[in-house]
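Undergrad: So you can see what is in the structure, the chains are spelled out below.
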Amino acid sequence: MRALKPAPPFFMTDSLLQDAPSAAALPEWFTKAKASATSAFEALPMPTRRDEFWRFSNLKALDPQDFTPARPVASEVCEELLASSSGIKASAGRLVFANDQLLARNTDAELAKTGVLWMPLSEALHSHSELLSRYFMRTESVLGSAKFQALHRSSVKEGSFLYVPKGVSVSAPLEAFHWLAGSGQAVFPHTIIVAEEGSSVTMVDWFKSASEARNMACGVNDLHVGAGAEVRYVCIQDWSRQTVSLHANATTVAERGSATHLGLHLGGLFSRIESLSRLNGAGARSDMLAATVADSAQEFDQRTLQDHRSPETYSDLLYKNALYDQAKTIVSGLIRVEPQAHKTDAFQKVRNLILSPDAEANSLPGLEILADDVRCSHGATTGEIDAEELFYMQSRGIPARDAYRLITFGFLNEVLERFPDQTVRERLQETLRARLHGH
Amino acid sequence: MSLVIQNLHARVVGGQEILRGLNLEIEKGRVHAIMGPNGSGKSTLSKIIAGHPDYEVTSGEVLLDGTNILPLSPDARARAGLFLAFQYPVEIPGVSNANFIRAARQARLAEGEELDAVDYYGELYKEMDSLEIPRSFTARSVNEGFSGGEKKRNEVLQMAMLQPSYAILDETDSGLDIDALKIVAAGVNAQRSSNVGMLVITHYQRLLDYITPDVVHVLVGGRIVRTAGPELAHELESKGYDWIREDLAESASA
Amino acid sequence: MSTEVISQIDVDRTRGDFHYPEQHTFDAGTGLSHATVDYISDVKNEPAWIREFRHKALDVFLSKPMPTNWASQDLENIVFENIRYYLANSQRPTRSWDEVPDDVKRTFERLGIPEQERKFLAGVEAQFDSEAVYSNMKKALGDEGVIFVGSTEGLKEHPEIFKKWFGKVIPTGDNKFSALNSAVFSGGSFIYVPPGVKLKHPLQAYFRINAENFGQFERTLIIADEGSEVMYMEGCTAPKFETATLHSAVVELVALKGAKIQYVTVQNWSANVFNLVTKRAIAHEEAEVRWIDCNIGSRLTMKYPGVVLKGRKARGEVISIALANNGQHQDTGAKMIHAADETTSNVISKSISIGKGRSTYRGQVHIPKHLKGCKNNTECDALLINSTSRTDTYPAITVRGSGNSVQHEASVSQVSADQIFYMQQRGLTEAQAMSLSVNGFVNDLVREFPMEYSVELKRLIDLEMEGSVG
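Residue numbers (the working numbering), protein chains in the order written: chain A, 1 to 439; chain B, 1001 to 1254; chain C, 2001 to 2470.
These aren't lab readings, by the way, just hints derived from the structure by calculation. From a predicted model like this one, the values you see are computed outputs, not experimental measurements. Check the hints yourself; a few may be wrong.
[Claimed, not checked] Derived, one-sided and incomplete: chain B residues facing chain C with beta-carbon distance under 7 Å:
no. : residue
1   : ALA1050
2   : PRO1074
3   : ASP1075
4   : ALA1078
5   : ARG1079
6   : VAL1090
7   : VAL1095
8   : ALA1107
9   : ALA1110
Glycine included, every Cβ here is placed at the ideal spot set by N, Cα and C.
Same shape as in the complex, but just chain A (with noise of 0.2 Å):
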């Protein structure tokens, strides 16, 4: 295992690219696929909220036909968004996009020759072809956006790539960051985690957009964690308030390996989160954890599968949500054991604090079960602030808006203490906090 030492904080010294993208053909396995997913979005139907997967959506906010691909941004916002991508003070690797253009990216020298490719998706179309295609969009679509994932393949232009060869272990997380500007336009941000056997490694994805303005963004994750191997990953999605935003992620994991998928979820108006933790191998491990605040008029939706299919695997998932004024959420989520993964253990937990008499929180948690010697369980619970909690508080001369913020800190914090490494912890905390000032 070669570790690497943190970068010095470099996010200073981040220059504007000058060069224009290559003009180079795309791969043809690229562009098929592109065409094919193209006559797949056409002929999907819109969902609608009789398919279980959409069960209280609010679907009138997703219409694609609303938005157009978003055009490049002017220079002089570019220097604004690079000068406010501020993420983790010590990161092996930077990449910053805006419109799914690239504006800026770094890499750590030491991080080069352990042979970790990290690299902004178009130039791993030219560069990594053949590893690419291997991993690319290789998981179907089984939580309802099938449409918009066929949408994403035909419309996405770029992203992260990060490939993690055989038992090298990056200490400094990564980070890349997707600036969404303009008005009516829609991005499709993709990240895609190789994570070779033994190999271990830690990514932060940001969204963010440049105004208030309502565009439209839809990504897609692909997660690989090889034999054995490492990957903790965490997308803060803070995208402005009349933002609509779909975003896919597949993770698998094969045997011995270990994700952790943390979403910090903020910003948006309507949001539909889906993620797939798919269990390959034994002694397979996942956690999937979300925290989420939710004001105003935002409706967060989010999908979850953990799907077992070998035998002594193990999932546990985490999902919280705090909801304020006429906000939604719902968090539906299915724990499937495949009749060969004996020995599984899974677990799932909701939990829902409301905190205005107009929110609305619904929970959809399920289990199926086709394999005996298992340990399945989940719970749900909706409540809001204990009574007792808050008077102890008061009681020690906090006041009572204090009060609220500092529990419903603490209720989400519990979320992001169960991320593995510190200072992206610290981080989304400090994230997190400012989220909640005002409240």
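Given the coordinates of chain A, work out where chains B and C should sit on it, guided by the hints.
TA: Relative to the frame of chain A, chains B and C by itself:
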């Protein structure tokens, strides 16, 4: 009439060998004690005799009054007269103690024969009283929420109710304070008779102050390495198991 | 001695598996059309409003798709044209077992019904195919104003109460099968308990399907007036035929202010029965409704008893045991619709899947905006006996607004190997040990059933467990 263990070799299914040629004869009316250091195989010995599916016998025999019980299922061994007081009694939610013991008694009757409920309860209450088990325990689920001492008393109660010809008490003293130990020991002593042979498995000599054995064996490395009278237990208590190991090493090199 | 229940009642799983040759005077023939509806209405000599109600319902049924977007595809195997919708010998039940035709009487005697009536029931209705053949209630209850009659008699003789509530708890168009029942319903009970009357003993209905290719569509309406209390028990059996039989009931309960209704079901259908039942209650202020439900047998059961908690401090409860054996799918659950402040609901569901059996829990809990102090607690536990057994849980919980508390927990487990070994060491066979464990698993719920039923339940579970081990 005796329980005879002959040259018994056994291992974890597909794994490590635990018993390596163990010989032992427990006569009716006598109490044998097996002592041994941690990991010597004394607790697994009881499970192997009772037929726990995690272990397999690779050679040897266990003869209960002349019949080899090794081909029998655990329940057939029990009905043949073997009783095991578990070190860690299992909790069975929703099944009341009274119904459980009754089902075990019923299983010992011939086809078509029905247990007399009045006699059964009379006997059960008598045994419970002597073990200082409150009556409310009949309706409670087997071992569920019982303290360590209550669980062990419940094991002795079952032994009394099922009247085995050979009983193995596996670390019956573990997890007991001195008062609980006295009650349990008194319960066991009350059942000593010419009709039952007992094997008491323990790590400490303490239990043997209350249940005095006729014979003491020392188990090391899956074999009985020494057999003597009750005084052996005291010797072990003062000298520790290393003394036996050193002794063994000497005789091996000699 | 609370767990020691001794009883002479002997109804078992195989006991319902017999039938007598059919001799029906009234037969609506095979298939379903407006003519079938007219035939039923004619034979029953019904008032015009109910005939119209039936025709409208048939149109709704025909226009509604099968709910296969979420439910089992097995529903597609119901061939509505092959089913007979009305079979009877008479439209009026007798008040005396002596007047019941011999073969029918023999049927109910074999099922132990007259004996149970003598022992512990306040009243009995026995339905044979489409109509009740026997209906009787202790005279003293009639004197207090209690009404316990069949649905046809109820709508004709007590229209002022019947019409007010009929179809109000479960509208015709609630689902495809409630529409079907509304079109062709026959039999079932109509019960009215006057204010303050508390029935000490249960009323019981027994539903028996005797004919092949038949559909039974009983309709039950129970109204418990202010401060009254009633327990209603239903049992169901059918002989095993090669062809599919359909049972599709609608049960509506109304508990007025402070009233208490307990509705107990022990279903033991044969494995060719599609059992698609809609059951719902309205609980007014401080009223309490408990559905106590045990589902054994049938090919596919779909049943989600519900309570609409309409009045302040109303309480709703569903206690459910389901046992799915080879070839069976128990798709059961509960719906709790909170519609007033400080309403509470409780759902406890335990299922056992044996062999290739499949059990499914579907739940719905709904707390709308601006309610305060509502509470729901749901627990679902599933036990899997064999490696081929399956269990699913699909709850849906919606809470709008703070000030309420909802919790749902579910677990899946199997009987532990240590438990089995411990019991075997005491001399029980592996099968006996497994049976005891399974009975232990549901024991806390079995206790919620009246004693006479709990004994029967334990026996049914033991019978179902036979052959599942080794």
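Undergrad: For each hint, tell me whether it holds in the structure or not.
TA: Evaluated hints:
Interface restraint check: ALA1050 of chain B against chain C, minimum CB-CB distance 5 Å, threshold 7 Å, status holds. Hint status for PRO1074 of chain B: holds, given a least beta-carbon distance of 4 Å to chain C, under 7 Å. Look at ASP1075 of chain B: its Cβ gets to within about 4 Å of chain C, closer than 7 Å, so that hint holds up. Contact between ALA1078 of chain B and chain C, as hinted, is supported at the beta carbon level, the nearest pair being about 4 Å apart and thus within 7 Å.
Hint on ARG1079 of chain B holds. Least Cβ distance to chain C is approximately 5 Å, under the 7 Å limit. Of the supplied interface hints, the one on VAL1090 of chain B holds, with its beta-carbon coming within about 4 Å of a beta-carbon of chain C, less than 7 Å. The beta carbon of VAL1095 of chain B is positioned within 7 Å of a beta carbon in chain C (closest approach about 4 Å), and the interface hint is therefore held. For ALA1107 of chain B, the interface hint holds, the least distance from its beta-carbon to any beta-carbon of chain C being 4 Å, beneath 7 Å.
Hint status for ALA1110 of chain B: violated, given a least beta-carbon distance of 13 Å to chain C, over 7 Å.
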